[in-house]
Amino acid sequence: MNAPAHFQWSSAVNRCRRLLNGGVLVENLFHHLPACLIASIGLTLVVLLALQKPSWRPLAILPLGASLILAWQRSRRRFFTNRQAAAWLDARHALHGLGTLAQDGVPLSAPLGQNLARGHFPPRLHWRWMKLLRPAIAPVLTLLVLQLIPWKTTSPSATRSIPIHKQIRRQLERIQTLEKTGLLPGRELDGFKREIEDLNRAAGAYAGDPPTLEAADRLSEQLAKSESNLLNQLRSCADAVNSLQQFAVTGKAMETWQSAELKTQTAELLQKMKDLGLDSDPALSQLNNKELAEIMRAYLAGANAELPKNPGELQNMLDTMRQWLKTKADKASQCQLGAGCSDHFITETEAERQALKSACSGVSGQPGKGGNDRGRADAELTYGDETRLDDKAFQARLLPDGASPSADQSLTLSIQALPPKATPLAGAATPSSSAAASTAKTEGHGAAVLLRHRETVRRYFTQPTPPSK
Amino acid sequence: MKFPDTLGFDPKLENQLILTEVSAVMNWMRKNSLWPMPMGLACCAIELMSSGASRFDISRFGAEVMRFSPRQTDLMIVAGTVTYKMALAAKRLYDQMPSPKWVIAMGACASSGGMYRSYAVLQGIDRILPVDIYVSGCPPRPEALLEGLIQLQKKIQIEPSLLRQKKADC
Ligand code: SF4
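Chains as they are written, first to last, in this note's numbering: chain A, 1 to 469; chain B, 1001 to 1170.
Heads up, some of the hints might be wrong.
[Said to hold, decoys possible] No more than 20 Å apart at the CA atoms, straight line, and that leaves these computed lysine to any residue pairs for SDA-like:
(1) 225/A / 1085/B
(2) 166/A / 1092/B
(3) 1085/B / 228/A
Please keep in mind that the hints were generated in silico from the structure rather than gathered at the bench.
Next comes chain B alone, as it looks inside the complex:
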């Protein structure tokens, strides 16, 4: 089943009518108003902060509303080394986020444990959370994070949003 990734637009009816599907509109709204939860756990978080600052300005992509309450976010950006102790907290916060929700693993540590092959470090947040986008780098530059965000937006746009919602609710 193919889901429309663009809004239908008829030039003849310009300024009067846009034809589309509910799913496409919902996705369009969701992808352009992501509310991230900055899960800053180590050095990558500095780059995450920098992505939000004026030079890189994450708000250009509609994702500047960082919230620290999981109940008010739909995108978790895991930036940094995930220790086992923190992993449980991260999992808990993810569980508390309302659906639909997405996860970006920012940096080598969040993606695979990075250089910390240690008894204390979770070898990738994808062991406990479903990661949508992995951003490589140690740390990734803010541009890389923004690229990851754009990729996520593309992913969201073609998601079967209604079905996903339904699946999450049942």
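Pulled out of the complex, with its shape left as it was, chain A reads as follows:
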């Protein structure tokens, strides 16, 4: 007869086997763990000190993972089978071989089956925890510290200044682009080209000497300034066109439009457009609005510009202007105008530029929040012992009676329409215009204290014990 129906011998054996195998795995894990921990520490140190990549610290988990694989490999050959587990239970619970017999499927009598039930107690494994753990304690702590301490980010590597020949080449390219697009007036570009020639000559003679480099810097600044001015002009022209648009849309009285103020506005706009390059015959004849071309020609000739007479014509003129400005703005964005005004010349490559941007926006992407590798930057703002607030010093306290002036203590002597004049100090020279400033400074010292104020001060200091409320 088999074991009693309520008792499942095979599940007891399975459970026992799993526990025993777990024990085997853990024991073998500890066999490799100290070595793997030390490898983890080594890897962390390499990552931090040699490679200078604090964000790679989680790699330390790799040797720990390796220890798991090694432990598994080592344990596989030592895992208990069900039969071995049954034999272990036999020995553990003094079943005298009943467990092995039951496992082998040998039918047992009822009393023997009852005996077998004793074997279902879960096996109690006795771990020698401290013995196993002792060698791992120090490496685990070290690894924890290495993982947790805030680590300073790496300093960027040294950059070098751009060689003079390269600088000249870059700026020449820039000038050529501007020339091709016709964004900058020719006279300005001619000036830049002359400077490039001078630079080339100087660089040929003394490549890399400070004055030549400084001249190249100056040129790049001027270029950036011209670009920036051009963008500003484009923007302000667009604003002016928009503000004039109000008249065309609302159809305000054209007499208003002909007013002097608006004429001035329009004249300013025409001047700006002239500065932007609408001052040459080819440019004007390209305009599809003949009226605007006429107005512009008249303006350039110094004559009074005859402005459109009705809102429709005005609208047409503004549309043409807007169109022309848009073409300019498109060209400007095509050749990335304005990049020179910011960091175009600071860094040599796009990668450097990106690195600079990310450095400036902080590791966490939020400016000023440096990320946890910056130590203090991410720390909470706390007050240490040095800065603990002295509560008493900040307690609110009522002033003693009479310390603050009340209305009944004041006496109106006279009411003046003008602010009072400063009385010259006794014995002081009449303030001349140059000495006026110093007199103004000193007159505060000489000013008489008002009676009521004097009284208040006297009472405050003579009162023996100010009542506290």
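Fit chain B with the ligand to the given chain A structure using the hints.
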């Protein structure tokens, strides 16, 4: 590879011959003729000025030739709070300095942002520049800056100057 940090000197040949290596001579010249760029950005700059004045006299260490053109300097002393706006200018100036060049972060602000944990302040100039020496203090006394300078001189003396130059140029 060890680089000589002193000049070889044979007493028998005194006044006639000094044996050394090119690298040591170059380093010796560089460390004793630093041309600083005073990047004074806040209160620390006052102490920096004081270091240059007669009482502390930075010229005792050969570093008195302060220049305001980056093209003529090889040591940037960042003294003060570096705001993001100024950080770009500092970076640009550093880039314009000829190699070899060094950076001293003077004071808590330049080293780590100091007490300004603010949206506007760069948390240490070492985010954008390779700092060689950090001088602690808020502000550091001029003596501290001079100590930093001496430490930098020691660092320069043992630098593989030729290799560094080569690396910077390639
Ligand atoms: S470290 Fe102190 S003294 Fe120096 S700039 Fe910052 S706040 Fe001013």
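Structure-based check of each hint:
Taken as a hint, the residue 225/A and residue 1085/B pair is honoured in the structure, with Cα atoms around 18 Å apart against an allowance of 20 Å. A C-alpha spacing of about 17 Å is found between residue 166/A and residue 1092/B, which places the hinted pair at or below 20 Å, so the restraint holds. For the hint linking residue 1085/B to residue 228/A, the alpha-carbon distance of about 18 Å falls within 20 Å, and the restraint holds.
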